[in-house]
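Given these sequences and hints, build the entire structure.
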Amino acid sequence: MQINEDQLKKFILEAGLVSKTDFEEVAKKALDTKQKIGNVLLSEGKISETDLKRMEAFVLGIPFIDLKNQKIDFSVLSLIPEPIARNYNIVAYKKSENGLEVAMLDVDDLPVIDFIKKRSGLKILPRLTDNSSIKAVLVQYRQSLKAEFQDIIQKESNAIDVSSKKDGDKPVEKSESELKEMAEDLPVVKIVDSLIFHAILQNASDIHIEPGEHELTVRYRIDGILHDAMVLEKSAGLGITARIKVLSNLKLDEKRLPQDGRFKIEQNGEKISFRVSTLPTFFGEKTVIRILKETSHGFSLETLGFHGEGLERIHNSLKQKTGMILATGPTGSGKTTTLYTMLDILNRPEVNISTVEDPIEYQMPRINQTQVKPEIGLTFANGLRSLLRQDPDIVMVGEIRDGETAGLAVNASLTGHLVLSTIHTNSAAGAIPRMIDMGVEPFLITATVKTIIAQRLVRKLTPTKEKYFLSPAEIKNLSKVVDLDRVLSFLKTENIIGADDTWEKIPFYKAKKSTEFEDGYSNRIGMHEVLKVTPAIKEMIIGGSSQDEIEIQAKKEGMMTMIEDGVFQAVLGVTTLEEVFRVVSE
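If you're matching positions, the sequence shown starts at 15 in the numbering used here and goes up one per residue.
Check each hint, because a few of them may be wrong.
Stated by the list, open to error - Distance ranges between label pairs, derived from CB positions:
| # | residue 1 | residue 2 | range |
| --- | --- | --- | --- |
| 1 | Lys109 | Lys285 | 29 to 39 Å |
| 2 | Pro95 | Lys137 | 32 to 42 Å |
| 3 | Pro477 | Ile359 | 21 to 31 Å |
Said to hold, decoys possible - DSBU-like cross-link-like pairs, simulated, lysine-lysine; straight-line CA separation at most 35 Å:
| # | residue 1 | residue 2 |
| --- | --- | --- |
| 4 | Lys474 | Lys494 |
| 5 | Lys307 | Lys474 |
| 6 | Lys149 | Lys265 |
| 7 | Lys50 | Lys479 |
| 8 | Lys269 | Lys204 |
| 9 | Lys248 | Lys278 |
| 10 | Lys479 | Lys569 |
| 11 | Lys464 | Lys474 |
| 12 | Lys464 | Lys85 |
| 13 | Lys464 | Lys479 |
| 14 | Lys85 | Lys524 |
| 15 | Lys169 | Lys50 |
| 16 | Lys24 | Lys34 |
| 17 | Lys43 | Lys60 |
| 18 | Lys194 | Lys265 |
| 19 | Lys188 | Lys132 |
| 20 | Lys82 | Lys43 |
Bear in mind the hints are in silico, worked out from the structure with no lab data behind them. Ideal Cβ positions, reconstructed from N, Cα and C, are used throughout, including at glycine.
Below, the structure is given as structure tokens:
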């Protein structure tokens, strides 16, 4: 069903949606750039997408469907799997004797129509819709699945309650064979499967299963913040924990000591790894599951939030053949993702890259990754020692935890290797006293460490954000915690604002709640500071200068601090000032 451009022009002009002069200009541009007239009208802002799609539907002689405020029955919606709906912008919304009515952005996409016809066994009736309708329906997938998972979990946990309450309300110690039987019980299997898939659906990074005095609380960490997911009966806890222990190969009858394990699943062609940790608490064992998508890739330093001078410094340090690049920050601040992104840049056929990690979070082709196993003596230090006999050019050590690993990493960089690693400190300058505290001599730090990156993750605003300007009082308060003159100069240097712009003219943004995103945020991005170990800083390290003195010198040499980078990201509209201060104060 090709759209007749002449007919489209006639209908648009008759409807008075675009003036004749504007349309002629667009038609000329479309001809020159070999694009469709409709696409150029949209990109130039001459017509809204809804109006354009209505006109296209009129030309094609098919109905235009607006689904923005329509509730679709889940049995009809699920006839098209969510990944297909999202990737091909097609949703099923009505089933009748005539066939299945589907709303789509491109009714010429015959292969996807044919796929859905074969899958459903129904005649497909294509209808045209717009982007906002597709987005509104995609939200319904999440809401319907959420409700379905909640129903399954509550129903199955009630089934467990009935069986467990026969023994009375007192907790009964179960033997290993009884726990194994509980773990294989169908309701328990369904609950754990639903908890995991529900978490993946919500893009959670961790699942917390916490026993209380009278109930079992399940919480998900989404975009760095914990949210209550559901509350179950206390009696469901024993079976759920046993099931997770079976999956991750842990001892079922060991409840007095903490245990760690892992397991993997594959969902929609994506490999997902789970790190499991159990910990005895007053009311029973608490279980935390970390979710790691192994096939995560496609990151670049720019998409992680690096820019300007900091980005330039990292690229320069990656061109070095020797030395150390350190990523610092608390647990869960994205340090490992930053290192993997740098490894991806360095991953060329002419170099041998080896890593020693705990755990291996992403699997990367052509990189030799070793998993630490302390229980059999394979520690970071021993792994690094053995790895250096394998003739590597580039080495990545998952984490420098102790003096032995620090010493070996320093020696590796002195003997002709480029070493990438992480270390737990609050700022870039803080990594230097931390290494000295581990027993590394200051002269060895100056000889090896080239660049130190400190980072935190802030939640990103959704496109529905709301623009506002700071009042003079707010600017004054902000200037007490961050050097606004420095941030202004960075913004001007990177051409984000005009040369004469002042803070009164610079817009900021607030989170705006929507049906899809309850708090107005989705996903996260990094705030960074990138410290280059320059000759002046080397002298300060040798002279025993404090962390604060080193940071002052780094700022003089052009380092943007983390909080300054946060304000910079807020000006870009990536996040909010509130989110920046929430994360930095933590």
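Checklist entry - Okay, which hints does this one fail, numbers in order? => result Checked against the structure, the hints that fail are numbers 2, 6, 12, 13, 15, 19, while the rest are satisfied.
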